[in-house]
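Engineer: Here is what each chain is made of, one letter per residue.
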Amino acid sequence: MSDPTITPALIADHGLSVEEFDKIKSILGREPTYAELGVFSVMWSEHCSYKNSIVLLKTLPREGSCMLAKAGEENAGVVDWGNGLAVVFKIESHNHPSAVEPYQGAATGVGGILRDIFTMGARPIAVLDSLRFGDPNNPRVRYLVDGVVRGVGDYGNCFGVPNIGGETIFEEAYTGNPLVNAMAIGIVRTDKIAKAAASLTGAPVMIIGSKTGRDGIHGATFASEELSEKSEGRRPQVQIGDPFTEKLLLEATLEMIDADLLVGIQDMGAAGITCSCSETAFRGGKGIHIDTARVPVRELGMTPYEILLSESQERMLAIVRPGCQGDVERICQKWQLEAAPIGVVTDSGRFTVDHDGKRQVDIPADSLALGGRVPQYKRAERRPEYLDQLAAFDPLTLPVPNDCGEALKRLLASPNLADKTWVYRQYDQSVRTGTAVGPGMDAGVVRIRKTNTALAAVIDGNGRYCYLNPRRGAQVAVAEAARNLVCVGARPLAVTNCLNFGNPHKPEMYYQFAECVRGMGDACRAFGTPVTGGNVSFYNEDPSRAVFPTPTIGMIGKIEDLALITTADFKEAGDGVALVGATKNELGGSEYLKVIHNAVAGSVPALEFEAELRVQRFVANAIRSGWIRSAHDCSDGGLAVTLFESCLGPDDRLWGLDADLSSGNGNLRPDALLFGEIQSRIVISFELDARERLQAAAASDGVPFWFLGRVASHDRFRLHPYIDESIGGLRAAHLNAFPALMDEVKAATAA
Amino acid sequence: MMVTGTVTVRLKPGVLDPQGQAIRRALEQMGFESVHNVRTGRTFEIQLDAPDPASAHGRLTEMSQKLLANPVVETFSVEVKS
Amino acid sequence: MRVGVVTFPGSNCDYDAYAAFRHVLDYPVEFLWHGDADLHNVDCVILPGGFAFGDYLRAGAIARFSPVMRSVIAFAETGGLVWGICNGFQVLLEAGLLPGAMRRNASMRFACQWVRIKVESTQTPFLLGCRKGQILRMPIAHAEGNYFADEDVLDELEDSGRVVLRYVRADGTPDPRANPNGSRRNIAGIINAQGNVLGMMPHPERAVERILGSDDGLAMFHSLVGAGVVASGVPTQTVKPVERRAQV
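The listed protein sequences correspond, in order, to chains A, B and C.
Everything in the first sequence is counted per numbering that gives the first Met the number 0, starting at 0 for the first residue and increasing by one.
Everything in the second sequence is counted per numbering that gives the first Met the number 0, starting at 0 for the first residue and increasing by one.
Everything in the third sequence is counted per numbering that gives the first Met the number 0, starting at 0 for the first residue and increasing by one.
Keep in mind the hints are simulated off the structure, nothing from the lab.
Don't take every hint at face value.
Claimed, not checked - Okay, the calculated bits of chain C under chain A, using three or more residues with CB under 8 angstroms as the criterion:
#1 106-114
#2 204-210
Stated by the list, open to error - Have a look at the derived ranges for each label pair, beta carbon to beta carbon:
#3 A:G322 to B:R38: 34 to 42 angstroms
#4 B:T42 to C:F147: 18 to 26 angstroms
#5 B:E44 to A:P398: 58 to 66 angstroms
#6 C:G160 to B:S76: 44 to 52 angstroms
We treat Cβ as the ideally placed atom computed from N, Cα and C, and that holds for glycine.
Input sequences plus hints: build the corresponding full structure.
Structural biologist: Structure below.
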């Protein structure tokens, strides 16, 4: 079988521009081979090279006292935890694969992010997921939701990692192109952190895990183009996940690292063998030579091109200490995994590949790896015209609902605010016996064994805000993540991000991207939370539209004492309830506007970092002082929804509420007061005799403190004079809406 | 007439079959060393009314394409007995 | 008494069971390897939760043929204590140490949630320290926990007091609303005729500390540890009283 001739059409099919092809020729000093064209194609795709984003990403704050590795240096961010431990965490998207095969796309997304964590020697202790879909009344959307949720669940459940939180959001902009972002967190002893570098000449290079098949060839290029009718035809590229093998790979990897058998190790994700070899070679300042004929394959007749580009899952590239190959093989045998030597580390600085004695690839490693000589572009930006039109919309011209109780009920039953137990019931939340706070709360909390500390984590985005105002939307996403962590008793430490945008070659899209990155940078600097790494996903468009610009923020925080873990639910009848933070006449971009008035418009709520920090510090101090019994971020759905959520105790317990909103609200419209998503606010509850202490502290900290009323043991949810409903009735609407919607899903096709 | 059809759904050749792989390893360990490969699948026995076996075959093929098989990763075969 | 927790490839609650003894009760415990037929003279074998061999084919179907299971079967037949939790229960059914079979949950979905189970009988070392009628709150996490057996078998299990754990509501009623997976007669756990083999779908090892949401599962661990004297005939190590502390 001879290789195809390289024509302009073939080059274009590989997603390379004419200029890029010229650059390849000048790097090589000759025409590339077919295999080399494939290698450049995947390594220079956005997914691997960040070529359209890296210039801007470098403006994000990446330094912090808690950091053990800078962004981009390793597979994931590394944060110093104390007690000789480090926390490793990262987020990644699997949007395009999930759009065409939701079950496997989501499953392999979780698998990929878990490998990023344990390839560093860390044992995964939690995952979170952020999912965005179109209108769930659309049957195709429900099919996607069903498959994605099963995929996320089945993979993590079998692997044995708890899912501790996430979000499931519905918005028409994601109809053809859902967003599936998964975050994983692991813990490692600082002296056992593994490097993804091939830093020792002569060290054997081994491939470990599953055999290599034809799956996912060109997945990285696939992720870097818009979805179209043609995408359906590309379906066979979707990889199949095998969480059982991944679990074995985890145990084997940690055992090899613990026994100090490895110089370096990197997981194989996008661009498989090619990416792991060239990146580890580049990081180690070395070269790698492999023979593709030595790679264990699943199918006969695989070409070097296919072997190099395969994205078969559950594989690792191990750079083995000389003399330790036998030990590596023994451990892999114990865990029933393939392990084959495929090459060696060289000091050539080049990635070279032979097949059956014939040279297939000979490329300088630095021209392939991020941080090396891959192309970097800053694209043209143009402010989209829709921004001013939508911002000009004044929600305060809309009529106030006659029946605010009815409006609340509709909001609670709307897809974004409805109870999502249907989703996370399908995820194992308690395996590993560390979960102190699970999904559905402000943030998830896992205890760190053998210490008195716990880790809090949250994943948060707001595509609608970013669509209306990219910079402020991104700022709000970071602020909200930090606020969520503070509410559970944690100090925010560091951020990872997943940037989901449209085609960067379109100036309006690039503007959205650039503005969001700037907003994220503003906020991360204000909160002192460095960005430790992340993932960029462009080309999230279907033929009719682009997704809302959606930076997903993953943030972790530290709870210094397990006694400080705080939850959102009220604890005792008779306790006082207060709102911390100022309330204003703001309704722009709210769920209320969308659900009740069918409008996605208006000004995104204002955010002032100083005021936000004052509110967060006040609540953090109150928790530390033991003054409050619950804290809940007041955001999506506004004050009424937040208060309702605090009435939901564990084990189906419902609290009543007697709150008086008639005083102290100035000239607020009732709907802005009840449903406005004004930022920098937290609802707290406390024993009544703490009220004066709290009020005094708030006054001295310059934080608005509004005493609303008391937790009750009766069945009424009273926000006098606007709402007086049965809490049981509200809860029924909230609880039943989503399952009722989803139970129309037909039997899943997934395995 | 009442027709009984059997639809067999298998993973496409080349698609990873984790289940088949695990079963092969287990068989090997139980002493069935001669086993090279295991591919799993599912069968559906479907009874339906149809004017003749050929049209039953057509309906079953349609069902397979639409629901029983996932065209992304699976192929199917239809057999009709009357 | 000596406790061993089996690790199959794909077990993922083996460490959790281990930790309940080691870190919560401060009680000695060791791991047993699926490929090793030697049970290391333990008095109690725990078959933990997870996805042994990926749960491919049927949950527990492949694990049942592991070398360790040959020994576990012989051990159980001579009165040794065997406790199968979740996937371990599925393995016990496949191995024929307990009657019946597991089907996919009635919802056809994985279910992770808190349940209440009622102790219907304490005639087994695993529940000796509980009260008959006591209600325990702990999580389930499985896709195939829908217990099935013929009516005759179910009647026999009931008549001989071998249905020891049943899904119930807070007031103790075992009605369909309390049934998370469609199990016949709300069955959550059964024992063999001698009472030395227990299979249960809920996870007591995930309910051993207040910080996890419940410590009701401790009652079972205490029963077992206290039962050591009876089972092995040798004095048990003194068990430290459980501290109601919020951390390990």
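Engineer: Compare the structure with each hint and give your call.
Structural biologist: Hint-by-hint comparison with the structure:
no., hint, in the structure
1, 106-114, "holds (count 7)"
2, 204-210, "holds (count 5)"
3, A:G322 to B:R38: 34 to 42 angstroms, "39 angstroms, holds"
4, B:T42 to C:F147: 18 to 26 angstroms, "21 angstroms, holds"
5, B:E44 to A:P398: 58 to 66 angstroms, "60 angstroms, holds"
6, C:G160 to B:S76: 44 to 52 angstroms, "50 angstroms, holds"
Checked against the numbered hints above, the structure breaks none of them.
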